[in-house]
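A.B. asks: Residues per chain, in single letters:
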Amino acid sequence: MDNDKNQSAEREGSKRYFDIYAPVFYPAAIIIILFIALTLTVGEPMERVFGSIQTGMSDNAGWFFVLVVNGMVAVCLFLALSKYGNIRLGGKDAEPDFSTFAWFSMLFSAGMGIGLLFFSVAEPIFHYDTPPMEVSSQAGAARQAMKFTFLHWGLHPWAIYSVVGLSLAFFTFNRGMPLTIRGVFYPVLGDRIYGFWGNVIDVIAVAATLFGLATSLGLGVQQINSGLDFLFGIGDNTTVQVILIALITVAATTSVVLGLDKGVRVLSELNLRLGLIFLIAMLILGPTLFLFDSFVQNIGAYLRDLPMIGSWTEAYTGTEWQNSWTIFYWAWWISWSPYVGMFIARVSRGRTIREFILGVLLVPSLLTFLWMSVFGGSALFLELNGIGNIASAVGDNISTALFVLLAEFPFSSLTSVIGIILVTSFFVTSSDSGSLVIDSITSGGKLDAPVGQRIFWAVSEGAVAATLLVGGGLLALQAAAITTGLPFAFLLILMVYSLMKGLEEEYQEMQEREAHRQKESYQKTIADLVRRRSGKDVPSEK
Amino acid sequence: MKETKVLLVGLDLTESDPLLLRYASMLGKSLGTIRQVYFVHNIKLAYESEAPGFLPELDRPLEEIITEEIEEQVDQFFKRSHPDMPFEVIVTNETNTPTALSQLCKEQEVDLVLMGKKIAYIGSGIVVQKLLRVPTLTANVLLVPDTASQHLQHIVAGIDFSEPSRRALLQASSLQQASGAELTLLHVAHIPTHYFPYIPEKDMKEKARESARKKYEKFIKRMEDPELRQKECRIVQKHGESIARNIYSEALQLGADLIVTGSIGHGKVKTFLLGSVTQRLVNIDSHIPLLVVKGKDK
Chain A
1 MDNDKNQSAE REGSKRYFDI YAPVFYPAAI IIILFIALTL TVGEPMERVF
51 GSIQTGMSDN AGWFFVLVVN GMVAVCLFLA LSKYGNIRLG GKDAEPDFST
101 FAWFSMLFSA GMGIGLLFFS VAEPIFHYDT PPMEVSSQAG AARQAMKFTF
151 LHWGLHPWAI YSVVGLSLAF FTFNRGMPLT IRGVFYPVLG DRIYGFWGNV
201 IDVIAVAATL FGLATSLGLG VQQINSGLDF LFGIGDNTTV QVILIALITV
251 AATTSVVLGL DKGVRVLSEL NLRLGLIFLI AMLILGPTLF LFDSFVQNIG
301 AYLRDLPMIG SWTEAYTGTE WQNSWTIFYW AWWISWSPYV GMFIARVSRG
351 RTIREFILGV LLVPSLLTFL WMSVFGGSAL FLELNGIGNI ASAVGDNIST
401 ALFVLLAEFP FSSLTSVIGI ILVTSFFVTS SDSGSLVIDS ITSGGKLDAP
451 VGQRIFWAVS EGAVAATLLV GGGLLALQAA AITTGLPFAF LLILMVYSLM
501 KGLEEEYQEM QEREAHRQKE SYQKTIADLV RRRSGKDVPS EK
Chain B
1001 MKETKVLLVG LDLTESDPLL LRYASMLGKS LGTIRQVYFV HNIKLAYESE
1051 APGFLPELDR PLEEIITEEI EEQVDQFFKR SHPDMPFEVI VTNETNTPTA
1101 LSQLCKEQEV DLVLMGKKIA YIGSGIVVQK LLRVPTLTAN VLLVPDTASQ
1151 HLQHIVAGID FSEPSRRALL QASSLQQASG AELTLLHVAH IPTHYFPYIP
1201 EKDMKEKARE SARKKYEKFI KRMEDPELRQ KECRIVQKHG ESIARNIYSE
1251 ALQLGADLIV TGSIGHGKVK TFLLGSVTQR LVNIDSHIPL LVVKGKDK
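If you're matching them up, the sequences are chains A and B in order. Counting from 1, one number per residue, gives the positions in the first sequence under my numbering. Counting from 1001, one number per residue, gives the positions in the second sequence under my numbering.
Since the hints were derived computationally from the structure, they do not count as laboratory data. Since we're looking at a predicted model, the values are computed, not measured. You may find that some hints are simply not true.
[Said to hold, decoys possible] Derived pair list, reagent style DSS-like, types lysine-lysine, alpha-carbon separation capped at 30 Å:
no., chain 1, residue 1, chain 2, residue 2
1, B, K1130, B, K1106
2, B, K1106, A, K92
3, A, K83, B, K1130
4, B, K1044, A, K519
5, A, K92, A, K519
6, B, K1079, A, K524
7, B, K1238, B, K1218
8, A, K519, B, K1218
9, B, K1079, A, K501
10, B, K1218, A, K524
11, A, K446, A, K524
Chain B extracted, bound-state conformation (with noise of 0.2 Å):
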């Protein structure tokens, strides 16, 4: 999987982007591989015809107001720690911001969009649902929660075997060389157990255990990476709730700073499809970054 280069940073001009922008900072030094960065906001008004309305004091572009506003805390949070990384400020002005970014992220060549993820804000996840959603995106997304922490030291990939999960795991693998970070696989197996009452749960608890881990060394053979061949996969029990809860408490447990999970992506119809388990990691509250690997390679 080829490294993460250039980097896109969609602002939403709240409390968050000073958190957004510092992670960015964080992520560009633990990475080393990153060669360009956008920041980036879309204002998703048609504010020229409706200024004179709620803007009595605009005297000039509103572009130009917001870029300055950027760039002041790019400044602050960003630049003093990567004084030499090449950056520009975009400010679009389009009704659609998913497909205003995704269309940024294809003239560019973005590898990996970050985005601010809130906690407990009813309807904030919009954007970032339908920008998942846009067929022609090819970038990764990564959603920081405003209260992640600012070190990635221990990435989590939660696969289920599938092609999807492949990728997740070399661009899982790729950011670990990239960073030194410990890299955990993490599979939750989940048996049918209410199809079945009259079998020991216990022994049921083995057999899908089992049956995981056949599963697991016939898609880790197909690895190319030797050293990742070599890896052992943590494979828990469901219980209770979802596999994507399941999964992020494992995370929890672990200490993890990112969790890395697949979307579905083979051809046109089903890149509009999220996976469920992806899709309720998105939204759940969740402290720790999650990193959406979209599926086809460019």
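With the rest of the complex left out, here is chain A (with noise of 0.2 Å):
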């Protein structure tokens, strides 16, 4: 069906409609449906195969992940302390495109979405039930689960994005590169990118873009698939699941036609405010006390252990604990932050490098940890005090967390219908910002492609969420997308380079400049000078 698709919007294709760069657009599709149908026929073993090189990957290449991501957030640290943190992305005079609230809200909804609502009542119950690190209590389990879940989605992740996303915009708004990430390898690669390699980069940063986003569109459409049965007993199944999907894909086509300034930013800011409200209510709904006294304690625990916990590999243990969860978040990101790193380069022109990196980097962490701190948070107390039985729940369906945590709580089915609208717009804003970011990717770079072409990625990547539903296979694609994060690991270390040496000329560049500037004014002055005294000097000799 994509084969189809993607062949009769090749014949129509004019560059009204479709304007693509072929070296990329092409191995890229071709690899997608190749993919997709080796799945499809294959099944089972494709699932195998996948995990087994997924877990290859975390058995012997953890200790790397652990570094690299560690590496990333000295990084962030370094930039916005160093005397580049002045230079602006766009130039000296770029103003912002977006109001900080708009830009929050659109660094949010991208980051983590779905995911956020996803695991934030699983992740801190599964760690309670099974602690990574011994511990003698029961409270000791509950600090230690808090403990885990902000070093997996605090700083780390968001340093991964920031240290992507300055990379892109700094080469796209200040060197005039094209918006594609082959454009940040310049410094190193030179001429290059416009080649090979560059084509090489881009094509499996567009698949590990389509295929994360794919599951995790999948992930979150079985969310709102539970949410709903629990709430009017719908049914749980892959009928539902599809119409879910195609009813989504043709809300984020509509936002992804709108572009960025129309469709994106409203619903994020949109999704921004109505999280609000959900994480209000669940604070006055919930434990409110212990929430307040948790998320202060939390994010003391999480600094005063950041350095042993960020870089723990169970070194002495030999435990296995780590492979599904850290180093799996790790992969996670990183092959997350081609399309997280486009987006927020796409919507950060004008702000300084100070200022990016302390707002993507301070500003999302501390809304995830209140977010934490309240879903995980309540989930935890109802553990502790021996209430409802989520941990079971859990285990049976992660889907269904949320919604087992809501309804231990007053005005459950209203906290349920707003977290199943909520759980939608993030699935649209994943959607259509995953499609702008494809879009960049395939079109050569440019940041406003054709809406035909727009509207093309963002029913594929509703379709092969759904053929995936039907056919199975989702986790086989998941883990497909994890294992491009090795690769991107070793990428992001020659981004740092590239970055490094690309930030150094600027602010060479802009020393010289001014000195230039000066030298022109000066120069003007003198020059001026002259030609009066000597039109002076002439007539007086006379």
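Join the two chains into one complex using the hints; note that each chain is given alone, in its own frame.
C.D. replies: Okay, structure coming up:
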């Protein structure tokens, strides 16, 4: 089905509706179609193959991921405090395209979105049930659970996004490179980025983004379905899910067609507002005091233990807990980073580097901490006091965790409806911002690709997700997306090098430009003077 | 502190030059101690190699033309009121203006450098800042804004009871004696309010004022001049913004026409540093001339 659509789209493709960069568009499209065809025909074994690649990666390269991700945090702190902090993305006189609130909303919606709703209840409960490190009490297990949840959702992922986003924004807005992943590597690869290697980088980025989005959407739609079923008993099955995907894809497509300013921005702001309402509702309806207490304490514990848990690799215990959690997350965030990074770059013109880093690193992290403390904290509160049975519900079906939690508190039908709307709108924003990103890469780095192409990618994400839901293989695809994390981790290191080189050049140029400006005004003064005086002297001699 | 005898006026060939020359003329009249004036401009271009490009009309050395121009202006704005004052126009051609100026100061034993201070003109203060940081500079530097009043009747010395402050005060006092202007000693007392939220602010203010007064008594006792030892110090409470802003706004209210402040300068290393308050004073848009007193005695 994808194939047909693809070809018919190509045939009618004029520049008005389609403006593709063939060396990236076709290989990416072919890889995606082949992969899906393969997953559908081969089935189970695919899942095993990718599963074992993923396990092998975590087993052997876990330490490397931990090292790289911590390195990104260090790079961010350095950049924010360095002399480069005052460099403005888009040049000295650039003004931000979006208000600060809109900017934060978009950062947040794109970066975490669905995952946040999906895991905020389930993850702390998992860690509480199976503590990663030895604990002596239930309270200790709860504390540790929140600490590790913070680790996985806090500074580290946002540091990865910051580095990728900053590199892309810098090379696009200050250096006039195309807004594609390859543009970042110009200082290292030179003109080769326009050739084969540049294409390879972009094709991997497109595939990783589409696979990542499709799996994320697949998981999201399961959660919406669980919620609806929990509330209205409409049944929890693939038919409902496919219908949901179709509806949501229509919404995402509309938003994408409207473009960044009218579609994605409005939705993201709506999202954040709705998210805040949801958060405040939970805060009030839940164990309010406990939540405030734990929020403060969690942050303190996180900051105190950050170096320790952040660099923990299970070296002496020989356990494998980390593979399915920390390493999974690190690989996941890294494989997400081309997409989130491009999106962040796209909306961050006009910010200074200091503003950018602090904005991207701290604000979403803090908001995430609050979110996790409220939802995860409420769940832990119930567990610690032996109310309800969240742990077993989480064990049965992660997608229902949020709704099982809400059911324990007043006005649960109302809050559940808000929850469903929120998952849906996060779903839509992820989908449409993803489409904008893939658009940009496959059109050779244009900031505003033609509408036809936007529709094509928005629809194909939905189609891929639906196909995999029906035919199975969502998990295989997720494993595949995550395995791209390892090559991207190497690219990240290269990216940091490239960025530093670029920033140093920019800084030098800034200094030179200033000196040049002064020199020019001085030259003008001198020239005027000479002209005036030589004019004066001529008549006086005669 | 020794008298101000040798004056160097740094000119930049812009519209501010006449104002600076007029100020120099006024200063010479008020002080009456000046014996020699140098009018200096540094050509910061390698003009000989660049001239064909942007100075096609140039038929003789640029130094000559600029000297003529400056002499004409000196005639018009300075010489009329100082017909007998020996002066010299020096035009140099060095890549680094601050170094060239400080070199000249050393050779000619300059006591005071007069320079223009541009208001709201981004990037214009670089030469001044760099000059103040040249470690071997011994002359004091007086920054004159375009909008400065052409009087010297009220001098404000900003002091913090440190060694650089002592030198600044001595210099201010010497200027006061030469000119007959009024001299106000000003200290901005600042209390760490935020650390003591439970102590009523009124008490704290009283205490800070008291402690400043004690420090001042100790500080002023070490002065040799008996008249100076009698002087009161005006102590104001720091409010909002920076100490530099407080000094400036207080000076404005007093109707002062010169602010004197010290720069840090004990050893070779410390001369690189400019006190942070002084640095702020150098940077803020101000209509009052600022005298930065360098640390080292000769």
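A.B. asks: It remains to establish, for every hint, whether it holds in the given structure.
C.D. replies: Each hint, compared with the structure:
1. B:K1130 - B:K1106: Holds - the C-alpha atoms of K1106 of chain B and K1130 of chain B are around 16 Å apart, at most 30 Å.
2. B:K1106 - A:K92: violated (40 Å)
3. A:K83 - B:K1130: Since the Cα atoms of K83 of chain A and K1130 of chain B sit roughly 19 Å apart, the hinted pair holds (cutoff 30 Å).
4. B:K1044 - A:K519: holds (8 Å)
5. A:K92 - A:K519: Status holds; Cα separation ~19 Å.
6. B:K1079 - A:K524: Within the cut-off at roughly 28 Å; holds.
7. B:K1238 - B:K1218: Between K1238 of chain B and K1218 of chain B the Cα gap is close to 21 Å, so the pair holds against 30 Å.
8. A:K519 - B:K1218: violated (50 Å)
9. B:K1079 - A:K501: Since the Cα atoms of K1079 of chain B and K501 of chain A sit roughly 56 Å apart, the hinted pair is violated (cutoff 30 Å).
10. B:K1218 - A:K524: This hinted pair is violated, its Cα atoms lying about 54 Å apart.
11. A:K446 - A:K524: Answer violated: K446 of chain A to K524 of chain A is near 40 Å, above 30 Å.
When the structure is compared with the earlier hints, violations turn up for hints 2, 8, 9, 10, 11 and for no others.
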